[in-house]
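Participant: The task is simple: from the sequences and hints, build the whole structure.
These protein sequence lines map, in sequence, to chains A and B.
First residue of the first sequence: 1, per my numbering; consecutive thereafter.
First residue of the second sequence: 1, per my numbering; consecutive thereafter.
Bear in mind the hints are in silico, worked out from the structure with no lab data behind them.
Check before you lean on any hint, since a few could be wrong.
All copies of an identical chain are treated as equivalent in the list; a pair is satisfied when it fits inside any one copy or across any two copies.
To be verified - Computed list of lysine-lysine pairs in DSSO-like fashion (alpha-carbon distance at most 27 Å, straight line):
(1) Lys511 - Lys581
(2) Lys78 - Lys511
(3) Lys2 - Lys257
(4) Lys258 - Lys147
(5) Lys415 - Lys147
(6) Lys258 - Lys2
(7) Lys507 - Lys581
(8) Lys529 - Lys258
(9) Lys474 - Lys584
(10) Lys119 - Lys529
(11) Lys340 - Lys381
Single-letter residue listing:
There are 2 protein chains.
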Amino acid sequence: MKRTHTCNELRLSDAGKDVMLIGWVESLRDHGGVQFLDLRDREGITQIVFHPEKKELFEQVQKLRSESVIQVSGKVCKREEGTANANLPTGEIEINAESMIIHNICEVLPFPLDENADKVNEDLRLQYRFLDLRRPRNLNLLRMRHKASKAIRDYLDSQNFTEVETPALFKSTPEGAREFLVPSRLNPGCFYALSQSPQQYKQMLMVAGIERYYQMARCFRDEDLRADRQPEFTQVDIELSFVDREDMYSLIENMLKKVWKDVLGIDIPTPFPRMGYYEAMNRYGVDKPDTRFELEIQDFTETFKSSQFKVFASVANSEGGAIKAFNAKGLADLTQGELKNLEDIAKTLGAKGLAFIKAENGAWKSPILKFLSESEQSELKSKLNIEDGDIVFFAASKWEQACAIMGRIRLEAAKLLQKRGKLEIPTDKFNFLWVIEFPLMLWDEEQGRYVSAHHPFTSPVPEDVPFLLTDPLKVRGQHYDIVLNGIELGGGSIRIHQPEVQEMVFKDVLKIPADIVESRFGYMLNAFKFGAPPHGGIALGFDRLVAILTNRPSIRDIVAFPKTQKGQDLMAQSPSAVTEKQLKDLFIATNLPE
Amino acid sequence: MKRTHTCNELRLSDAGKDVMLIGWVESLRDHGGVQFLDLRDREGITQIVFHPEKKELFEQVQKLRSESVIQVSGKVCKREEGTANANLPTGEIEINAESMIIHNICEVLPFPLDENADKVNEDLRLQYRFLDLRRPRNLNLLRMRHKASKAIRDYLDSQNFTEVETPALFKSTPEGAREFLVPSRLNPGCFYALSQSPQQYKQMLMVAGIERYYQMARCFRDEDLRADRQPEFTQVDIELSFVDREDMYSLIENMLKKVWKDVLGIDIPTPFPRMGYYEAMNRYGVDKPDTRFELEIQDFTETFKSSQFKVFASVANSEGGAIKAFNAKGLADLTQGELKNLEDIAKTLGAKGLAFIKAENGAWKSPILKFLSESEQSELKSKLNIEDGDIVFFAASKWEQACAIMGRIRLEAAKLLQKRGKLEIPTDKFNFLWVIEFPLMLWDEEQGRYVSAHHPFTSPVPEDVPFLLTDPLKVRGQHYDIVLNGIELGGGSIRIHQPEVQEMVFKDVLKIPADIVESRFGYMLNAFKFGAPPHGGIALGFDRLVAILTNRPSIRDIVAFPKTQKGQDLMAQSPSAVTEKQLKDLFIATNLPE
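Facilitator: Pasting the structure below:
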């Protein structure tokens, strides 16, 4: 006889039916000489009752340990008056056990699979990932991940996209993140690199005329791991022909709308707000602002140009210098230790220190107060709305650095305010934001040349093209980032599709040597000469998206088999040593002496 | 102004509309001083007309080469009487061009993108894959591949499956096919192997309680390439808890039914026929029989036991020896060269030669005829239905080898008969077949031990378990292969879920040393002790499936960016040399002296 129902299916109306359930022993307890067993499958829980009259069965069940796998048949009965469990969908019934098959007895668990499991050492949980995953919350995270992926596919399918699989075994492109290298046995001395992104393949697909491409693409990066980074990750990869930025915005907005609707039942408002790069930096000190809270940054460069405070005045008068400040409203009570910590953070970003003004007990306190004129103080007070209990932080530096320091301190201050209950950032608030109008190029001091702000395939804003050779920093790129609650979900751009423009960017703007251009991008430049359509695309980090969607702090929670900080897969025991024969083959492949 | 319609959308009822189309120049011809341009996008073709009155436009269009990308606006007009094209959905209208934007001029094509392109050297086509793909047939293959994948997902989603992504960076398991090795930078001396199959992960997911898992999994094998093998391929990977073989059969049958329906509109009959392994070998000489044609093999071991023909008699009387034959109906006219070729093939399979009897002009001709008694001849004649024009082939060898020789010659004979128009194998005939009841173990002469016929996780048929230690060859596995038109689409099994049975198979039957069992399968054996449910699954080769579905002879046709025989990606120019810095890192990772 086969399973007739899941453990979340039977109701009072099923009373009297003969059923067969199968699943894991959630718990077992004796109550008045009767054994009550909660049987769990991935759908839910049903209570099974074993009476002492069935002696053999009763003895068998007493030996069961939690998490053993059993199959039980019996009759559905209404629970006794007053014993129904309103928290369980099956709480009004129980199964009167008539027979049982024990499929697998569980050993003593390495840790209990309850709420406290979260506090268990992560390495132990990763080693027993098959147990940790079994916790209903964790299984549900995987199911939500699947729902999110299905929502994305369903939406893109409905918009006539074609999913195309592109190779993971790509060529090495050492300009990007560090790659995993794979020696090629058939081509001694040569290596594949595991693809970091299907960027070049998807642009080729546009040249091939596919018009609308997507892929849930597995990508690889051999970088040190962090809470939001695994060596392999999944990217929602999209590319379209004959589109402009507006088309891209509404496509992605509608796609994400469907994801949030299908998975959480939430209607997110569209269109998403948009913010220029310079505005984001000036107001939030970062190109991925978390707009769920304010604490906005203000500019005081003009204010301090003629200041007696030399430190600020000299920066304000230097080329590209800026004075930035923001009011960490209500944080005047921060401790010396907290202040020191903020200062250290500012220093890691290149600040010499962290100037501040505290407003406490009706007075301002600050080591720099004595240098500030009355008019400067009054301007600070009115623009920053300084009230008693506030603390204002300053950064004086090159514009970008000053913004970045304030941006980081703003986030840290927000954490301190949250800890004090003075700032609430609701986890169910989803602030989507397009960050746009990035500069196309950045000046790399070290290399003494321009580098692409994103990648060299981004098309300049048409009206800025004339400055490409004369003033590259002035040129805006047709790039867009999609940001959610301060996290960059992804980014993309309208691409260059004219071979002569692409070649000019490589050679004349980025000053990449001709032979490197040829070896890395030669086939792409060539392809563009054979009828390349105008095109653009985007890539979204699917793991990050799911982590935010499911309100998990780490992407390790939403990956079935995550790797540890050292890139180890505790369950699969990889990476591992290999055999001598394999090493020999590897030597041959790398063309090395043994 | 934006594209208003695709090139397959406008009809007579749209006449008078102002439209904007965008796409590739399919062709351009002068007809009576007017330029007719066929504009193509991925949906179809629309005719654009340029009149000499619009002088500038007319001059511009004359300069266009095929495959250039243009955007045209104009008015939809009914074509002149008698010039409609019934073969085109848009054949009753044309666009009277008013303006044009040229997005990209195409250089002279390396080969014309017409029907003859198939005859172009494959390396050249792979190098210009972006052009070869642009041919509507090839773009359509990618869209059919997507449709097939969508049908599979839709079906499995409807059956409550959860797609779970498992790592590609796995550990080395040198027992299987050759793996790609990936040095781990963070763990010097250790290597990942690119996963050949998520087998172990998916079994862990069952232990984790996911119950119904699937994945369109990218898998990797560093083997030499063939028409049906690429170094990376996609596997429809499925695993379920609490199922038996019958559940698996109907699941896969219904899934494939939906694929054929959604992609080809064809209803394939279910359930699929089933055939035991021994029957398949005896009748077709192979465990993946092509049942679209007959030419079945017959057994004559008994017949020749007391024969005067010593060669056959000694084999027939030896242990495990067998005499097999089949009638290649109508192939008596094969040439000496063809016969020689068949003989060579038989020899590569271990035959000493290829005995045959031709029936021509009312007489039998054969070098062995003189050794055959009248009763032997008459038995051959009646069992094989030998008629004038037929040729019968023989194999005398160990049973499995004799079957395999006849099986291969049967396929070759079928090809020769097809060439002669004497056998038709319709390409739109889809003969699905389950091959079942495989032996669990094979005896490996070389290693002097039993080896798994499929893999060591396959559960034995329950009633055969008693023979596991005493007579392993007698034990049937709960394995099933799904075969289509002579090609193995995939296979799977009900797995072992009891740790003690799995351990016995590893150690006592397969005689794998305890330390290897521990290092390769230790975590799995351990996991099975913590509540492993009964489970089973299957894996289907998605590339093969799509190739048959779309009637393409090579899977290179249905992979967007296939690699060449040497594993090279001509378009991405990989594998490639790497930088010194990268090599150095690799050396560090492999723990080698520089």
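Participant: Could you tell me which of the numbered hints above are not met by this structure, giving the numbers in increasing order?
Facilitator: Result: hints 2, 5, 8 and 9 break, sorted rising.
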